[in-house]
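Colleague: So the sequences go chain by chain: W and U. To convert, count from 1 in the first sequence and add 10; that's the numbering used here. To convert, count from 1 in the second sequence and add 2; that's the numbering used here.
Hint data in this document are derived by calculation from the structure and do not stem from the laboratory. Wrong hints could be hidden among the right ones.
Heads up, simulated EDC-like pairs for lysine to aspartate or glutamate below, C-alpha to C-alpha not over 16 Å straight-line [to be verified]: (1) W:Lys-435 / U:Asp-115; (2) W:Lys-435 / U:Glu-26; (3) U:Lys-5 / U:Asp-75; (4) W:Lys-435 / U:Asp-52; (5) W:Lys-435 / U:Glu-116.
Computed from a predicted structure; not experimentally measured.
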Amino acid sequence: MNLKHKSVLIISLVLFVGILASGLSGWSLYRTDEKAIINDFRKDVDERAASFYREVTINLETLYSLSVMFSEGNLPSLPQFSVEAKKILNRHDDIKALEWIPRVSHSDRLAYEKENRHYFPNFQFTERESQGHMVKAKDRSEYYPVYYVEPVKGNEAAIGFDLASNSVRRETLEKSIRNARPLATASIKLVQENETQKGFLVFLPIYKGNPSTVAEYHLNFRGFILGVFRIGDIFRNSVLSEHPMGINMILRDETSDSDYDTLNFHISRTGIPANESIVYKKYLPDISGRKWSITAKPTISYISVRRSRLPVVVFFTGIILTLIMSLYIRFISRQTAIIKQNVVERTQRLSEVNLKLVKTQKELKIEQERTKELLEMRTEELRETQLQLFQAEKMDTIGKLSAGIAHEVKNPLAVIQLGINYFQKSLHKDEDIDGIIQDMDNAVHRADSVIKELVDFSASRQLKLEKQELNPVIGESLLLVNHELTKHNINVEMRLEENLPFIEIDRNKLQQVFINVLMNAINAMGSKGTLLIRTYTGELKNEIKKHNLSSTGQFRLTNNIVVIEIEDTGPGINPEDENKIFEPFFTTKKAGVGTGLGLTVTENIVRLHNAYIDIKNRKEGGVIVTIIFKAT
Amino acid sequence: MSKIKILVVDDEESLTRMLKLNLEETGGFEVKIENQGSNTLTSARDYKPDLILLDIMMPDMIGSEVAEKMLGDEELKDIKIIFLTALVSKQETEATDGRIAGRSFIAKPVNIDELIESIEKELGNT
Numbered sequence: 011m012n013l014k015h016k017s018v019l020i021i022s023l024v025l026f027v028g029i030l031a032s033g034l035s036g037w038s039l040y041r042t043d044e045k046a047i048i049n050d051f052r053k054d055v056d057e058r059a060a061s062f063y064r065e066v067t068i069n070l071e072t073l074y075s076l077s078v079m080f081s082e083g084n085l086p087s088l089p090q091f092s093v094e095a096k097k098i099l100n101r102h103d104d105i106k107a108l109e110w111i112p113r114v115s116h117s118d119r120l121a122y123e124k125e126n127r128h129y130f131p132n133f134q135f136t137e138r139e140s141q142g143h144m145v146k147a148k149d150r151s152e153y154y155p156v157y158y159v160e161p162v163k164g165n166e167a168a169i170g171f172d173l174a175s176n177s178v179r180r181e182t183l184e185k186s187i188r189n190a191r192p193l194a195t196a197s198i199k200l201v202q203e204n205e206t207q208k209g210f211l212v213f214l215p216i217y218k219g220n221p222s223t224v225a226e227y228h229l230n231f232r233g234f235i236l237g238v239f240r241i242g243d244i245f246r247n248s249v250l251s252e253h254p255m256g257i258n259m260i261l262r263d264e265t266s267d268s269d270y271d272t273l274n275f276h277i278s279r280t281g282i283p284a285n286e287s288i289v290y291k292k293y294l295p296d297i298s299g300r301k302w303s304i305t306a307k308p309t310i311s312y313i314s315v316r317r318s319r320l321p322v323v324v325f326f327t328g329i330i331l332t333l334i335m336s337l338y339i340r341f342i343s344r345q346t347a348i349i350k351q352n353v354v355e356r357t358q359r360l361s362e363v364n365l366k367l368v369k370t371q372k373e374l375k376i377e378q379e380r381t382k383e384l385l386e387m388r389t390e391e392l393r394e395t396q397l398q399l400f401q402a403e404k405m406d407t408i409g410k411l412s413a414g415i416a417h418e419v420k421n422p423l424a425v426i427q428l429g430i431n432y433f434q435k436s437l438h439k440d441e442d443i444d445g446i447i448q449d450m451d452n453a454v455h456r457a458d459s460v461i462k463e464l465v466d467f468s469a470s471r472q473l474k475l476e477k478q479e480l481n482p483v484i485g486e487s488l489l490l491v492n493h494e495l496t497k498h499n500i501n502v503e504m505r506l507e508e509n510l511p512f513i514e515i516d517r518n519k520l521q522q523v524f525i526n527v528l529m530n531a532i533n534a535m536g537s538k539g540t541l542l543i544r545t546y547t548g549e550l551k552n553e554i555k556k557h558n559l560s561s562t563g564q565f566r567l568t569n570n571i572v573v574i575e576i577e578d579t580g581p582g583i584n585p586e587d588e589n590k591i592f593e594p595f596f597t598t599k600k601a602g603v604g605t606g607l608g609l610t611v612t613e614n615i616v617r618l619h620n621a622y623i624d625i626k627n628r629k630e631g632g633v634i635v636t637i638i639f640k641a642t
Numbered sequence: 003m004s005k006i007k008i009l010v011v012d013d014e015e016s017l018t019r020m021l022k023l024n025l026e027e028t029g030g031f032e033v034k035i036e037n038q039g040s041n042t043l044t045s046a047r048d049y050k051p052d053l054i055l056l057d058i059m060m061p062d063m064i065g066s067e068v069a070e071k072m073l074g075d076e077e078l079k080d081i082k083i084i085f086l087t088a089l090v091s092k093q094e095t096e097a098t099d100g101r102i103a104g105r106s107f108i109a110k111p112v113n114i115d116e117l118i119e120s121i122e123k124e125l126g127n128t
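Whenever a hint applies, use it, and build me the whole structure from the sequences.
Modeller: In structure tokens form, the structure reads like this:
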């Protein structure tokens with residue numbers, strides 16, 4: 011995976027994790043915040059429920075305050091009751107009516123009906139028939155008629171209504187009597203007002219004396235004080251604040267498990283719809299035997315106004331940090347890429363330089379080898395030169411010496427020569443004297459030759475080297491021996507290769523070499539023969555076998571060479587003498603003809619040319635002289 | 003026919019004597035000897051030779067110097083000179099036909115017949 015992909019991956023990962031973390035922390039804070047709000051909401055609802063319950067309790071208390079009028083066996087008159095009831099009603103607008111419902115035995119019915127006709131002319135005990143009409147109550151052992159009512163207005167229909175006529179209601183009442191505590195009824199619809207709302211009744215049983223057993227309760231029971239309460243009004247009165255809370259509430263009666271009775275809807279005064287997802291249900295304490303609950307839902311605004319901005323801030327801060335981090339990583343990865351690129355480039359450059367270095371090193375090594383070789387070559391040459399120099403110096407001394415000797419010897423020789431000449435002419439001669447004089451003459455010639463060749467030998471040490479062609483030198487040499495060739499009747503065959511490479515030679519000295527060799531050949535052939543002269547060029551390695559060279563000497567196998575071969579058709583060299591031919595003073599010539607220094611001088615000159623000379627017999631007879639020069 | 007007058011100049015007395023003997027023995031030459039190189043010019047003026055046989059390596063004055071001075075002398079410049087010297091070899095004179103740098107040379111030791119041949123050749127050149 012390359013760096014770019016890697017950085018993209020990392021950035022994607024950071025973005026993903028960053029956004030996720032921001033979202034989660036934002037969401038978590040949001041939830042925490044919401045929980046806090048819900049707690050607040052519940053608290054609000056709890057408070058409201060408490061307030062409502064207190065309001066209900068206060069309302070129920072009015073029944074007890076009224077009950078005071080009925081204590082100690084007192085029975086207030088209707089006006090008396092009305093006065094007290096009015097006082098209460100004035101203070102509690104949520105009470106629709108307060109009533110006195112006495113226990114009336116059948117025997118007292120008429121008296122009760124008659125008594126109350128002072129205030130209500132058509133008063134009689136009534137009950138509701140099956141069609142709903144109010145009719146005169148049927149005879150029963152006991153009646154619980156509505157006897158006093160305050161206010162009368164609006165409650166006219168209820169006056170005289172026997173509550174015992176309804177068996178369900180009668181059950182409730184008797185339960186209340188037995189338990190000696192107030193009992194509330196299920197809700198009733200209150201239609202008589204301009205507004206439809208539900209209400210409920212609470213019966214407070216009144217006893218004579220202080221009964222303590224169920225039997226006493228029953229015996230001493232006098233009647234009920236009844237309160238009719240408007241639930242909606244109570245609820246409204248229990249409001250805690252002038253400011254809308256933003257909570258929707260439903261008040262229910264859950265006394266019966268199967269049938270929830272909705273007592274009151276409270277829609278928040280804000281008029282904003284509820285957040286349906288949050289529901290809180292609060293059960294109120296027992297209300298005169300009834301189990302009421304408040305189910306509350308907050309409005310949307312209730313939640314929203316309480317929400318803190320923190321989750322959003324956290325979320326966006328997280329996102330921003332993530333983005334900054336991503337950008338930073340991108341920047342860093344780009345920087346890294348640039349640095350990496352730099353590193354790569356530099357490494358590459360370094361390795362190039364390294365490569366060059368290695369190459370240079372190799373070249374240096376090769377150069378070193380070459381230099382070493384050259385040095386060895388030069389050293390060899392130097393040693394050779396030194397040797398030659400040493401030899402030259404030695405020979406120079408010999409040369410000077412021999413020149414001096416020559417001069418000193420030649421004068422006496424001249425005297426002897428001339429003396430001999432004189433004797434030859436003036437002396438009386440016989441055969442013996444002629445012989446002696448001739449011997450003396452020969453001796454002088456021989457001495458002269460020796461001296462001459464001795465001088466040549468020593469003088470051969472100093473060469474004047476110039477780059478020359480070989481062929482012209484051969485021509486000149488032949489010209490100098492032309493007289494001898496003619497005299498000895500020698501045929502010359504020339505096979506000279508044209509355009510030979512130049513060689514470094516001392517022209518005069520080389521002439522001397524060729525003359526020596528040619529003269530040897532001519533003398534060897536005597537009166538008849540053929541001289542074959544051949545020149546050619548080539549590489550030494552191709553010639554070495556042909557010439558049967560024992561060593562290359564100062565040549566190298568790759569050297570270009572120039573070769574001259576001079577062959578004669580003479581008798582050849584006596585095999586015994588082959589090794590002696592270059593020895594000084596070795597000669598096969600008659601006394602007085604050769605000094606034995608010719609080939610020594612020749613070899614010396616050849617050697618001074620760094621050339622190679624070989625003299626040997628041909629298979630077909632005669633001698634072949636090979637001289638090999640190094641081409642320049 | 004008068005004899006050819008030869009002045010022989012050489013520090014080697016035996017040689018000059020031997021030359022004189024040999025040349026005069028032929029009957030064609032009259033020879034005067036001078037053993038001191040530095041006296042050559044004086045002797046030449048006195049003797050007025052046809053040809054001088056001149057040695058080169060002499061102790062007091064070398065032959066080439068003598069020849070040079072003679073060239074500069076109006077009286078002596080036309081006298082023929084043959085250098086008779088041990089400095090050159092017979093092979094050299096043979097190869098060059100006896101002439102080196104425009105001068106005639108004879109290598110020591112010399113055969114009398116060859117010498118006479120050279121002298122006649124030299125004088126015949128004029």
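Colleague: Output the indices of the hints that this structure fails to meet, ascending.
Modeller: 3, 4
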